[in-house]
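Participant: Next come the chains, spelled out residue by residue.
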Amino acid sequence: MLAASWLLSPVSVAPNRIVAGESYGLVAAIGWPGGLLVTLLFLAIGGLAIAPSRTHYYAQLGIVTLALLLMPFGLMVAGHWLIAADLPQARLGIGAAYWTVLFLLMLCLVELRLRLGLSRLWTTLLLGIVVGAWLVCASQWLENLALVQEFQARDQQFYRALVQHIALVSTAVSVSVVAGLILAMLMRRYRRLQKVSFALLNFLQTIPSLALFGLLLAPLAWLAANVPLLAEMGVSGIGTTPALIALIAYSLLPMVRNTYIALEEVSPDTLEAAKAMGMRASQRFWQVRFPLALPILLEGVRITTVQAIGLTAVAALIGAGGLGTFIFQGLGQAAMDMVLLGALPILVLALIVDASLGALADVLRPGGH
Amino acid sequence: MRSSVHRSQQVGVKPQWMRPACWALLLLISVLGMPYLDAIFRWVEPNARQVIYSRAEFYTLLGRHVFVVGVAAIVTISLGVLAGIAVTRQWGRDFLPLVGQVASLGQTFPPVAVLALAVPVLGFGTLPIIVALLLYGLLPIVRNTLAGLKDVDASIKQAALAMGMTPWQVLRRVELPLATPVILAGVRTSVTINIATAALGATVGASNLGDPIIAGIVNGNMAYVLQGALLIALLALAVDSLFDALQQRLDLRLSSS
Chain W
7 MLAASWLLSP VSVAPNRIVA GESYGLVAAI GWPGGLLVTL LFLAIGGLAI
57 APSRTHYYAQ LGIVTLALLL MPFGLMVAGH WLIAADLPQA RLGIGAAYWT
107 VLFLLMLCLV ELRLRLGLSR LWTTLLLGIV VGAWLVCASQ WLENLALVQE
157 FQARDQQFYR ALVQHIALVS TAVSVSVVAG LILAMLMRRY RRLQKVSFAL
207 LNFLQTIPSL ALFGLLLAPL AWLAANVPLL AEMGVSGIGT TPALIALIAY
257 SLLPMVRNTY IALEEVSPDT LEAAKAMGMR ASQRFWQVRF PLALPILLEG
307 VRITTVQAIG LTAVAALIGA GGLGTFIFQG LGQAAMDMVL LGALPILVLA
357 LIVDASLGAL ADVLRPGGH
Chain X
18 MRSSVHRSQQ VGVKPQWMRP ACWALLLLIS VLGMPYLDAI FRWVEPNARQ
68 VIYSRAEFYT LLGRHVFVVG VAAIVTISLG VLAGIAVTRQ WGRDFLPLVG
118 QVASLGQTFP PVAVLALAVP VLGFGTLPII VALLLYGLLP IVRNTLAGLK
168 DVDASIKQAA LAMGMTPWQV LRRVELPLAT PVILAGVRTS VTINIATAAL
218 GATVGASNLG DPIIAGIVNG NMAYVLQGAL LIALLALAVD SLFDALQQRL
268 DLRLSSS
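The listed protein sequences derive, respectively, from chains W and X.
The opening position of the first sequence corresponds to residue 7 in this note's numbering, with each subsequent residue numbered one higher.
The opening position of the second sequence corresponds to residue 18 in this note's numbering, with each subsequent residue numbered one higher.
For the record, the hints were derived by calculation from the structure and aren't laboratory data.
One should not assume that every hint holds.
The calculated DMTMM-like cross-link candidates involving lysine to aspartate or glutamate, where the alpha carbons are at most 25 Å apart (straight line), are [stated by the list, open to error]:
| hint | chain 1 | residue 1 | chain 2 | residue 2 |
| --- | --- | --- | --- | --- |
| 1 | X | K167 | W | D368 |
| 2 | X | K174 | X | D111 |
| 3 | W | K201 | X | D257 |
| 4 | X | K174 | X | D257 |
| 5 | W | K201 | W | E270 |
| 6 | W | K201 | X | E62 |
| 7 | X | K167 | X | D261 |
| 8 | X | K167 | X | D111 |
| 9 | X | K167 | X | D268 |
| 10 | W | K281 | W | D343 |
| 11 | W | K281 | W | E270 |
| 12 | X | K167 | W | E278 |
| 13 | W | K201 | W | E305 |
| 14 | X | K167 | W | E271 |
| 15 | W | K281 | W | E271 |
| 16 | W | K201 | X | D111 |
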């Protein structure tokens with residue numbers, strides 16, 4: 007009974023205001039019929055939550071999906087209502103209540119998935135449909151939305167930044183995966199190295215990312231100025247090189263820690279059995295220890311990647327490019343929609359990576375499915 | 018690790034407070050003495066017009082930095098521990114997966130993105146960075162509170178109930194004291210991460226120790242960056258060793274009683 011009352015409380019607050027532009031109320035934005043529809047939908051979710059059962063959960067799932075699908079239409083109606091035809095420059099901003107509703111609906115979706123025990127595939131499919139509908143709406147009918155205008159003004163730039171961001175993250179992560187694996191293997195052999203490197207990597211984490219980016223500027227600029235070979239290779243004070251070095255430095259700690267723990271935690275009994283079966287040392291490592299360690303190792307990759315996605319945004323400050331450029335340019339010009347253009351994809355990227363690597367780890371877990 | 022605990026047990030309680038005191042003293046000295054270190058930083062940045070960050074006093078920046086991290090820590094600790102307690106009670110058990118989800122979601126959101134998203138709603142200044150730190154610091158505390166409370170032996174709880182304690186007394190006098198070391202470890206992780214993350218606040222106009230770093234990057238003045246980084250690292254080390262000492266003290270108390 008109390009089980010799902012969480013579904014009730016947040017939505018009862020949420021439906022009363024969908025802010026549009028200069029803060030219009032829900033009714034002003036989508037009219038009485040729209041407001042009624044939203045309230046009804048949320049009441050239905052809450053009502054179904056009072057008596058939890060499997061069929062009710064499925065009904066809720068349907069309503070939540072419907073609500074998600076309807077959200078861009080709400081914006082369209084609001085845009086049609088509030089923006090006079092003689093003002094082609096007017097744009098529609100998305101308000102706090104809209105984001106809250108969106109967030110809560112997503113949360114409902116996650117919770118329902120857990121309760122129903124749906125597989126990831128179904129959720130992905132469902133979300134895919136919703137996102138697809140949004141994209142179609144955004145490209146076709148939402149041209150007075152500020153975010154869309156911001157995007158259309160610099161779509162080339164946006165794609166370039168996105169690719170750059172992903173390239174930086176994947177380079178940093180792949181280097182630190184390899185380096186982390188080597189370091190962890192060395193640590194298992196030389197115990198003294200383990201203490202020293204953990205102390206060093208822990209210390210690195212206490213330096214704020216911002217500072218590390220800044221501190222690398224000077225020595226690299228000096229190197230580039232004095233060693234022509236390095237300068238030819240593209241090393242310079244600002245831009246990609248210091249960003250990559252700092253990203254790798256930060257990625258190493260979670261990577262090495264998880265790799266080390268993963269390799270250490272394989273049960274000695276299993277290894278003993280493998281030995282008894284006549285496996286050689288290298289066989290034992292690659293065929294027994296490594297596959298068994300893989301899920302925890304992937305957990306490390308997941309943490310590292312999510313962290314690197316966020317850090318790369320900071321790297322824009324030293325001219326490394328990526329989506330952070332929009333954030334800091336937008337902050338500088340107090341153009342909040344431009345900030346959104348940078349921040350939203352970063353958020354989505356982090357969530358996608360988190361979910362997909364989590365799913366991969368689940369699949370690889372021995373006995374998992 | 019074990020040997021150091023053993024040693025401090027033999028020597029007594031005093032020495033464990035030495036390290037945090039040393040770091041704090043070093044921090045204090047460098048905050049107050051920074052303006053006099055002109056010569057050293059001149060060596061780093063010989064051509065700059067000015068080598069000591071002077072737009073604000075270092076102790077003001079340090080104070081604001083500590084304030085931001087402190088406010089965020091107080092709110093995260095109360096929220097995280099309360100949520101952790103609530104979902105381990107009988108009546109709140111249904112919320113357990115949800116709380117876990119929300120907490121780990123908070124850590125998935127990159128602080129920069131949260132910061133950027135919070136600015137349109139909350140405006141420039143200190144508030145957005147506090148929100149970002151809140152979200153980012155919640156996971157370690159919630160996770161450790163849950164782990165700590167779950168690890169309390171069920172038979173101990175049964176015994177306490179059998180002695181006639183009310184559930185509230187069991188929580189306050191049995192479960193929480195036993196879970197405190199684990200919760201404290203979570204708080205330590207959360208606060209240490211946030212000390213470094215708070216520097217990001219300088220990009221949205223919250224003036225703190227991140228300020229010299231940003232100013233240094235914008236003007237290409239390494240000396241500024243160094244000053245900001247040095248102070249933040251010292252602050253992090255001081256706080257971290259303070260928590261270390263607290264943990265050791267707790268261990269001592271638990272093992273002696």
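Participant: Each hint should be assessed against the structure and marked as holding or not.
Facilitator: How the hints compare with the structure:
1. For the hint linking K167/X to D368/W, the alpha-carbon distance of about 24 Å falls within 25 Å, and the restraint holds.
2. A C-alpha spacing of about 21 Å is found between K174/X and D111/X, which places the hinted pair at or below 25 Å, so the restraint holds.
3. For the hint pairing K201/W with D257/X, the CA-to-CA distance comes to about 18 Å; that is within 25 Å, so the pair holds.
4. The suggested pairing of K174/X with D257/X is violated, with an alpha-carbon distance near 32 Å, which exceeds 25 Å.
5. Proximity of K201/W to E270/W is assessed by CA-CA distance (about 15 Å); at most 25 Å being required, the pair is judged to hold.
6. Restraint check for K201/W and E62/X: the C-alpha separation of about 34 Å exceeds 25 Å, so the hint is violated.
7. Our distance criterion of 25 Å between C-alpha atoms is met by K167/X and D261/X, whose separation comes to about 23 Å.
8. A hinted pair counts as satisfied when its Cα atoms are at most 25 Å apart, and K167/X with D111/X qualifies at roughly 15 Å.
9. Note on K167/X and D268/X: the hinted pairing holds, with a Cα-Cα distance of about 19 Å set against a maximum of 25 Å.
10. For a cut-off of 25 Å, the pair hint linking K281/W to D343/W is broken: about 61 Å separates their Cα positions.
11. A threshold of 25 Å between alpha carbons decides the hint, and for K281/W with E270/W the separation of about 17 Å falls inside it, so the pair holds.
12. Distance check on the hinted pair: K167/X and E278/W sit about 33 Å apart at the alpha-carbon level, beyond 25 Å; violated.
13. Pair hint K201/W plus E305/W holds up; C-alpha atoms about 22 Å apart against a cutoff of 25 Å.
14. Between K167/X and E271/W the alpha-carbon distance is near 22 Å, which keeps this suggested pair within the 25 Å criterion.
15. For a cut-off of 25 Å, the pair hint linking K281/W to E271/W stands: about 17 Å separates their Cα positions.
16. In summary, the hint linking K201/W to D111/X is not supported, as the alpha carbons are separated by about 42 Å, beyond the 25 Å threshold.
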